[in-house]
Amino acid sequence: MTGEVLVLAESSGVTFRKSSFEAVTAGRTLADLLNVREHVLAIGISLNDRVGELGKYGADNVVLAEGPSLALYQPDYYRQVALEAVKRVNPSIILAAATSTGKDLAPRLAIHLDTAVASECVQLDLEAGKIVATRPAYAGKVLLKARINSSPSIATLRPNVFTAKEVTPSRNPVIERIEFKRPDSRMAVKEFVTQGAKKLDLTEASVIISGGRGMGGPQNYNILEELANVMGGVVGASRASVDAGWRPHSDQVGQTGRTVSPTLYIACGISGAIQHRVGMINSKVIVAINKDPDAPIFGFADYGIVGDVFEVVPALTREMKAFYGKT
Amino acid sequence: MKALALGADKAVHLKCDRIPDDPGSAAKALADELKALEFDVLLFGKKGVDDDNQQVGPMIAELLDVPCVTQIVKLEISDGRAVAHREVEGGSIIVETTLPAAFTAEKDLTVPRYASLRELVAARKKPIVVKDVQLLPSRLEIVSVQYPPPHPPGKIVGRGVDAVPSLVKLLHEEAKVI
Numbered sequence: 001m002t003g004e005v006l007v008l009a010e011s012s013g014v015t016f017r018k019s020s021f022e023a024v025t026a027g028r029t030l031a032d033l034l035n036v037r038e039h040v041l042a043i044g045i046s047l048n049d050r051v052g053e054l055g056k057y058g059a060d061n062v063v064l065a066e067g068p069s070l071a072l073y074q075p076d077y078y079r080q081v082a083l084e085a086v087k088r089v090n091p092s093i094i095l096a097a098a099t100s101t102g103k104d105l106a107p108r109l110a111i112h113l114d115t116a117v118a119s120e121c122v123q124l125d126l127e128a129g130k131i132v133a134t135r136p137a138y139a140g141k142v143l144l145k146a147r148i149n150s151s152p153s154i155a156t157l158r159p160n161v162f163t164a165k166e167v168t169p170s171r172n173p174v175i176e177r178i179e180f181k182r183p184d185s186r187m188a189v190k191e192f193v194t195q196g197a198k199k200l201d202l203t204e205a206s207v208i209i210s211g212g213r214g215m216g217g218p219q220n221y222n223i224l225e226e227l228a229n230v231m232g233g234v235v236g237a238s239r240a241s242v243d244a245g246w247r248p249h250s251d252q253v254g255q256t257g258r259t260v261s262p263t264l265y266i267a268c269g270i271s272g273a274i275q276h277r278v279g280m281i282n283s284k285v286i287v288a289i290n291k292d293p294d295a296p297i298f299g300f301a302d303y304g305i306v307g308d309v310f311e312v313v314p315a316l317t318r319e320m321k322a323f324y325g326k327t
Numbered sequence: 001m002k003a004l005a006l007g008a009d010k011a012v013h014l015k016c017d018r019i020p021d022d023p024g025s026a027a028k029a030l031a032d033e034l035k036a037l038e039f040d041v042l043l044f045g046k047k048g049v050d051d052d053n054q055q056v057g058p059m060i061a062e063l064l065d066v067p068c069v070t071q072i073v074k075l076e077i078s079d080g081r082a083v084a085h086r087e088v089e090g091g092s093i094i095v096e097t098t099l100p101a102a103f104t105a106e107k108d109l110t111v112p113r114y115a116s117l118r119e120l121v122a123a124r125k126k127p128i129v130v131k132d133v134q135l136l137p138s139r140l141e142i143v144s145v146q147y148p149p150p151h152p153p154g155k156i157v158g159r160g161v162d163a164v165p166s167l168v169k170l171l172h173e174e175a176k177v178i
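Protein chains in written order, with the numbering used here: chain F, 1 to 327; chain G, 1 to 178.
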């Protein structure tokens, strides 16, 4: 196996996603182990000025595909660009972040390249030149190690699990362009509708304040919003509160919702069922506020306060305001 | 049986010779079965809740060469076209597609209902065709299954509002996250 490493770097059109830098770092590690080069495919509207950032994380080469119709993920367009990059690079390993784009594109590429994908990996190892991917299954109850026996091996990496690390010295990547010609497609991407005024997606937030059944109803989430505002975080929700119709599904943290790993996760009135746990267990620090001292969440939270969320959360907001006022 | 009770007219059970741990081999078996059928819409769940691979739907669509919109929360069909809302980071993308097409459902697409007793009884008369299928060799080989390392137990800072100042202090001085 002498092929190179190819990483897909996703963008918002003009800036790269943090999870893509994580994938570039993971790709750098594998490329060093295999003693090959790391190529990064960058797709977006206009990324030329941003390519240096990929070099900081270790990219040797950048394959750049730019075009106004590449702003939003369109499966037929992205597949065409990715297959062209694969043809040029001839990789033995392809990595992408396990975002909505990565998880849609990877299986499509696998069919066209006649190979297999390991989804949502949390660790990648090499064994005799083959990828052995560690990935959670059964709602995070177990970790599977799966070897990909076909080439190129494709893996999508769960966001916020791999750390994006700058290399020294930073690379100065060679840029190669793909002339993007829009193929005929039976699908048309109409528009992107943002959800409310939320600045950050849960998967990208460093502080998350989540509310569960203990919040009592949708009208009470304002106390979480206030705390989130003070701390620069975003509000999430448990499955129980989403199923009750209190919060939109896009706020849900857990197995059927988002998998998050912020620096600080504050669970308010959340019991900590297994399907919630799997979505947030990779948070750096977990705080639980719950009036039930026997709630499972206290079994895996780093810090817990037993108490009424309606008293403790406003007090915490005041304390945080004072804290941030001081620093 | 449950699917038949909820409105399906006919079921086909592809009985595999082993557990399909490579989603690619499952997708090929399903695509082989589906290519003989005429359809306008292929609906899948977003992912299986066992392996969490989230691959089979788009793989089948690629094998059958039909458009596929994944993770949809809304679907409207009229005049041979479909408009699907696909949930992505920070919002949703509206995609229009010709039919036939494949879709994978995100959680909010519909609310599953329970089958009535009458439907459950009627379902028993509906046909379930069982076909033996030999899966292609798996390229995703499971080498081990382990429990994740236990999360170290934390500490209860205290009870009620009085514990709040200590919590902030710990987050700042011990955990160093604020």
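Keep in mind the hints are simulated off the structure, nothing from the lab. Incorrect hints may appear among the rest.
[What the hints assert, rightly or not] Okay, derived cross-link-like pairs now, DSBU-like style, lysine-lysine, Cα gap no bigger than 30 Å in a straight line:
1. G:K15 with F:K141
2. G:K107 with F:K141
3. F:K284 with G:K169
4. G:K15 with G:K2
5. F:K165 with G:K107
6. F:K190 with G:K2
7. F:K321 with G:K176
8. F:K165 with F:K56
9. F:K291 with G:K2
10. F:K141 with G:K155
[Unchecked claim] Facing chain F, a subset of chain G residues (Cβ under 10 Å, in silico):
11. Y114
12. I128
13. V129
14. V130
15. P149
Note that the structure is a prediction, hence the values are computed from the model and not measured. Every residue gets a Cβ at the ideal spot worked out from N, C-alpha and C, and that includes glycine.
We went through each hint and held it up to the structure:
A threshold of 30 Å between alpha carbons decides the hint, and for K15 of chain G with K141 of chain F the separation of about 27 Å falls inside it, so the pair holds. Distance restraint check for K107 of chain G and K141 of chain F: the Cα-Cα separation of roughly 21 Å lies within the 30 Å cut-off, and the hinted pair is therefore satisfied. Only pairs whose Cα atoms come within 30 Å are accepted, and K284 of chain F paired with K169 of chain G is accepted, the gap being roughly 17 Å. Restraint check for K15 of chain G and K2 of chain G: the C-alpha separation of about 18 Å stays at or below 30 Å, so the hint holds.
At roughly 35 Å between alpha-carbon atoms, K165 of chain F and K107 of chain G are farther apart than 30 Å, so this suggested pair is violated. Note on K190 of chain F and K2 of chain G: the hinted pairing is violated, with a Cα-Cα distance of about 36 Å set against a maximum of 30 Å. Using a Cα cut-off of 30 Å, the hinted pair K321 of chain F and K176 of chain G holds, with the two alpha carbons roughly 17 Å apart. As the CA atoms of K165 of chain F and K56 of chain F are separated by approximately 8 Å, the hinted pair is consistent with the 30 Å bound.
At roughly 39 Å between alpha-carbon atoms, K291 of chain F and K2 of chain G are farther apart than 30 Å, so this suggested pair is violated. Using a Cα cut-off of 30 Å, the hinted pair K141 of chain F and K155 of chain G holds, with the two alpha carbons roughly 23 Å apart. Using the Cβ-Cβ criterion of 10 Å, the hint placing Y114 of chain G at the interface with chain F is not satisfied: the shortest such distance is roughly 15 Å. For I128 of chain G, the shortest C-beta to C-beta distance to chain F is roughly 27 Å, which exceeds 10 Å, and the interface hint is violated.
Here the hint on V129 of chain G is broken, as its CB sits about 26 Å from the closest CB of chain F, past 10 Å. Because the smallest distance between the Cβ of V130 of chain G and any Cβ of chain F comes to about 26 Å, over 10 Å, the interface hint for this residue is violated. Against a cut-off of 10 Å between C-beta atoms, the interface hint on P149 of chain G holds, since the closest Cβ of chain F lies about 9 Å away.
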